[in-house]
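Undergrad: Sequences are here, hints too, so could you generate the full structure?
Chain by chain, the residues run as shown.
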Amino acid sequence: MVATAPFPVLSLLLALPLLGTVGCLLLRHRFEAARWATLATTLAVFVLSCWCFTQSPGPDGWIFFEDYRWIPALGARFTLAMDGISLLMVGLTGFLQVVAVLISWHRKQHPALFYALLLLLECGILGVFLATDLLLFYLFWEMMLIPMLFLIGIWGHGRRVYAAVKFFLFTLAGSLLMLLALLGLYLLHGQQTGDYTFALEALKQTDCGAWEPWLYAGFMIAFLVKVPVVPLHTWLPDAHTVAPGAGSLDLAGLLLKTGVFGILRFAFPLFPASAAASLPLLASLGLIGLFWGAWCAYLQTDIKRLIAYSSISHLGVVLLGIAAGSAIAMEGAILLMVGHGLTTGAMFALISMLKRRTGSRELDKLGGLWKEAPVLSWYLLFFGIASLGLPGLANFSGEILVFAGTFQTHPIWSALAVTGVVFAAAYMLRMIQGVLWGKRPPGRVWLDLSWREGITLGVLAFGTLWIGLYPAAFLDPLALPVRLLMEGSNLIASAGGLP
Amino acid sequence: MIVPLTHVLAFSGALFFLGLACVLARRNLIMILIGVEIMINGAGLALAGGSAFWQNIDGQILVILLMALTSAEVSISLAMVVYLQRRRGTLEANAYNEMHG
Amino acid sequence: MNPNLLFLILLLPLCGALINGLFGLRLPRALRGAVAVGAVAASFASVCLLWPLAAGEGTRTILGTWLASGNLRADFGLLFDPLSAAMALMVTGVSTLIHLYAVGYMHKEADTARFFALLNLFVFAMLCIVLADNLLLLFLGWEGVGFCSYGLIGFWYAKVENAAAGRKAFLVTRVGDVFFAIALLWLFAALGQLGIPEINALAPQLSPTAVTAIALLLLAGACGKSAQLPLMTWLPDAMAGPTPVSALIHAATMVTAGVYLLCRLFPLVSLSPTAMTAIALVGAVTALYAASCALAQREIKRVLAYSTMSQIGYMFIGVGAGTVSGAMFHLTTHAFFKALLFMGAGCVIHLCHEENDIYRMGGVARRSPLVFALFLAGALCLAGLPFSGGFFSKDGILLAAYAQGDGWFRLIWLLGLASALLTSLYSFRLLLLVFAGEPREKVHKHHLPGLMRWTLPPLALLGLFGGLFNLPPAYGGGERLHHWLGSLAGSLPVVDHAREFQLAALAGGLFLLGAVIAWWRYRRFPGEQPSALKNFLLHGWQADAVVEWSLLKPFRAIGRFFWEGLDRTLIEGVLHTLAGGAMREGETLRRWTNGRLSTYLSGFAWGLLALLLWFLLVLAKSAGPPHT
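Chains as they are written, first to last, in the numbering used here: chain B, 26 to 524; chain X, 1297 to 1397; chain S, 197 to 824.
Check the hints yourself; a few may be wrong.
Derived lysine to any residue pairs resembling SDA-like cross-links, with alpha carbons at most 20 Å apart [what the hints assert, rightly or not]:
(1) B:K191 x S:C244
(2) B:K396 x S:V356
(3) B:K464 x S:T773
(4) B:K396 x S:E357
(5) B:K191 x S:T765
(6) B:K390 x S:T765
(7) B:K191 x S:G769
(8) B:K191 x S:H772
(9) B:K191 x S:W382
(10) B:K396 x S:A306
(11) B:K464 x S:E357
(12) B:K396 x S:L218
(13) S:K749 x B:T326
(14) B:K390 x S:E357
(15) B:K191 x S:L774
(16) B:K464 x S:W352
(17) B:K396 x S:G777
(18) B:K191 x S:R764
(19) B:K396 x S:T773
(20) S:K355 x B:R465
(21) B:K464 x S:E305
(22) S:K355 x B:W403
(23) B:K396 x S:G769
(24) B:K464 x S:D307
(25) B:K191 x S:G777
(26) S:K638 x S:H549
(27) S:K355 x B:P466
(28) B:K191 x S:E760
(29) B:K191 x B:L202
(30) S:K355 x S:A306
(31) B:K191 x S:E781
(32) B:K229 x B:G86
(33) B:K191 x S:I767
(34) S:K355 x B:P399
(35) B:K390 x B:R465
(36) B:K464 x S:E760
(37) B:K396 x S:I713
(38) B:K396 x S:F219
It is worth saying that the hints were derived from the structure and are not from the lab.
All values derive from a computational prediction rather than experimental measurement.
TA: Encoded structure:
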């Protein structure tokens, strides 16, 4: 297959962070240079991903497609492809990594290594979004784990080793099941057609017979641990709470989305029958996650843990959207992923700024922030209400599409999910109440935002408003891939039939 | 053959297990090495008997090879035993347990 | 006249909010207020200038696409028809006066940038509700006013109670918003449309059960925003905000949004007699409940808050009885006199040195005759002085309820009459306790800013003579509002003029009766006489306690169950057991590698034995008997 771009843009997207990693390791004794090099690399990746937005897809749905020789003996090729869904995800990755670098500007402990790990993480995440060869996908999937393990384990605070190991083992256990399923699929396909290959398009044609539910379960467990779905979610609060700012941002903003993306790109298309049968279960898990996360979030006194539980809640809505069997809901779910990445990423950035100033994340030690730092407080309020789903801001656009689409096929699920907005308001207002209003506890004076922090948050706010008020730029690339996905996976719900 | 093969094998088996018993039961390193020697001799005897029974010279060649190997092994191990005695002052096998988990 | 100019009505307050929000701290104080007032006044001027566009079917214009996915399509579109134009005129006009008042009220306040930004943003959101041409944009405004209300109620955030009051308002109204959202989604799923004119036109296609259900959901949504039973607990506490906020949000605009929603979707709602009866019943019961609570309140603004709740109940009765013009008429006159009352209350509080408790006031008439006269005008309109604006509007609604005949509506009419009596009673109680007699607390001379005084007379005039807007034919009037609304006006009650005069006389009689009872009881301050009944009414029939026990405590308990019970104990317990088990196994196995030569050698021996046994028993057996 011929790449439809003048240069191998997808490979370049992967190569840039790797080069940046090497550069950071070489510059590890001059961390100022390493910092700027990292920023330059992440900006380059972001600009490249923005350029991809201007390209339109080919007839088969792919915007770009690259295919190179890799391991002929196993039948694995280095295949990268980008369609509308991965375009949005790659754009989100590029953007959030720039933000991650900007909020980690003043790392005191091994800064060059930190930036190197950030870039390696970016390479892994981009690979997950772009790979369409199953072995290559698995490689990048595992590649995401290692930098995250070290980011949490070395630069975290509190019980960091516990949280890092817990995160790693949870995800690894799921990934191993996926590996088993993957190999099973590979062998089945090889036995049936005589052609042993890991390519996604070829493996879609396999007739799995009685093995299909097991293979599907193997893939799904790996992805659902990442999403995360109740009851496999307990790694998330610990990992989020102890991770450094950029680590939490990447976890919430990107790693959670890789799980959902994996479901859409691999699990649903490879096993259509099992997928269609499992939709009610997925939707129920989504609803349970929505309420469980919100209820637990309400009781937290550590604001980072509160936002972590809120992520579980939002991803519950996303899961409901992809399991609803409606194209509108699926588009809404993907849009909500992008919106959630921005708003929750911004919240984690704000919390790390808050921690640096006040030294605490406990609600009973904070309060009265508006008087001291009005700009920081305004941003906290803004992203707080964006997170709870105020119309005109990012999360609402995705959520209302999910609710509207789900209502067409399963009204009861949608009505239940809508009541979740009250819960979202409850915990978010509790957090805002505890941080912004009330009296300031005695102690040092808190500075307002610096220029760098202000620009970071301003750009995030701009993105939030854009998705909230004019999401067409993000919804248009989704129309074709979602339609292909729904038809190819037989996901159109047979219930309903309303216009 | 003058002696039936079964007798030879029984005798060499007995010699082997006597050597094994010596290895397992003794705690002094030199005694363990002596036990190993006896085991090797037992094996050599079985080889010689088999060679006589099947009229094949390979068994006897193996016994000569075995003697050469044994000499080399003994010289090295006795050298190490002398070194260990000088370092630790004891030749008890269980005293050397620094590789525990 | 370019229809796109209609967007100016919305965008001018938004620009005011952005200027004050982004640059307000850098602007001089006077400029902040000027920007805010100027923005709203310009918006009002736009409504006046663009008024001809609203006649007949109105004008519909679209700025651009907002959300488009599949067959869901919601645009930034405006519908400027008679109903929305009338409402917009009222909203922008009253807002301008209140913004002027606020400039005077907040002259000692430091953080006016945030205040005026939120106030302008609120007007923008309210105008979104009024002018939106599709339900999703209306929902944007709906939530927007909720957020601005949250920010403004908790404006003086240093006191935690104020912030808590704001949060309560947001959460309770959000419960109502959930029902509204479900109705919105249902309409989209059933009709494929989100545009308001389209929904109104296609509504007959729905099945009767669907219509009733959707209408009831819309009623629940309206109850949240309009503080009707059972979602009314937030309104009395919302008085913690500055007085201009109470005047604007909790008298004239946000709380009337619920009524406006029902009027906007009246063709849909009116298809279901059950829903109409339910709307009227909710309004009537709330009116009585709130009027009874107002009788026992001690804070001047809380009396007015319960009074607002009660009057909005009347508007709901109007909608339920089928007369949109009647409900809108009362909405307008109520906005005038209630804003007047709130602003007057602000003046009174200022005069009494920030004292809120009417038991500690008294004799304010002597201190400021102007404030007394204006407050009196507003209170008389509220109580229903014959031939004032309030009289005609309230009477119109009661007439419509009466005209609906027997059954539920007769009960509703009786409840309305009882509430009218109580209204008169608490209005005069308020007047007597605040203004009459001697001052009960020592006071110092306080200067009232000019802006606070001179923004009130226009409202007093509008309140007293507002009857001219919709004078019924029985009194020789032309019913201008009803005719202006045209097809959107709902039905007119058909009652003969003799009956109408009898009912009006009845209303006038209740007004006098309430005045007489209040005079008899309160002309001399009776002192504090606490009683169980007074306590019960003071706390709103213990509604807060009911909510706390039935909803909040279970909520927290369930949350604790999920977090501590399930997450920490069950799931973490399972994980830690597994992890602990794995570690213990590792410890056990670790004991085998003790570094001792004898252990390893015996391991060799046992392994050798096992292999030999395997060779002899297994392999030899499978190979068959030896062949020799």
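Undergrad: The structure should be examined with respect to each hint, and the outcome stated for every one.
TA: Evaluation of the provided hints:
| no. | hint | verdict |
| --- | --- | --- |
| 1 | B:K191 x S:C244 | violated (65 Å) |
| 2 | B:K396 x S:V356 | holds (14 Å) |
| 3 | B:K464 x S:T773 | violated (43 Å) |
| 4 | B:K396 x S:E357 | holds (17 Å) |
| 5 | B:K191 x S:T765 | holds (17 Å) |
| 6 | B:K390 x S:T765 | violated (27 Å) |
| 7 | B:K191 x S:G769 | holds (14 Å) |
| 8 | B:K191 x S:H772 | holds (10 Å) |
| 9 | B:K191 x S:W382 | violated (43 Å) |
| 10 | B:K396 x S:A306 | holds (11 Å) |
| 11 | B:K464 x S:E357 | holds (11 Å) |
| 12 | B:K396 x S:L218 | holds (16 Å) |
| 13 | S:K749 x B:T326 | holds (18 Å) |
| 14 | B:K390 x S:E357 | holds (18 Å) |
| 15 | B:K191 x S:L774 | holds (12 Å) |
| 16 | B:K464 x S:W352 | holds (11 Å) |
| 17 | B:K396 x S:G777 | violated (52 Å) |
| 18 | B:K191 x S:R764 | holds (14 Å) |
| 19 | B:K396 x S:T773 | violated (48 Å) |
| 20 | S:K355 x B:R465 | holds (11 Å) |
| 21 | B:K464 x S:E305 | holds (18 Å) |
| 22 | S:K355 x B:W403 | holds (19 Å) |
| 23 | B:K396 x S:G769 | violated (43 Å) |
| 24 | B:K464 x S:D307 | holds (16 Å) |
| 25 | B:K191 x S:G777 | holds (15 Å) |
| 26 | S:K638 x S:H549 | holds (10 Å) |
| 27 | S:K355 x B:P466 | holds (13 Å) |
| 28 | B:K191 x S:E760 | holds (19 Å) |
| 29 | B:K191 x B:L202 | holds (17 Å) |
| 30 | S:K355 x S:A306 | holds (16 Å) |
| 31 | B:K191 x S:E781 | holds (19 Å) |
| 32 | B:K229 x B:G86 | holds (16 Å) |
| 33 | B:K191 x S:I767 | holds (13 Å) |
| 34 | S:K355 x B:P399 | holds (17 Å) |
| 35 | B:K390 x B:R465 | holds (9 Å) |
| 36 | B:K464 x S:E760 | violated (30 Å) |
| 37 | B:K396 x S:I713 | violated (49 Å) |
| 38 | B:K396 x S:F219 | holds (17 Å) |
Of the numbered hints stated above, those contradicted by the structure are hints 1, 3, 6, 9, 17, 19, 23, 36, 37, listed in ascending order.
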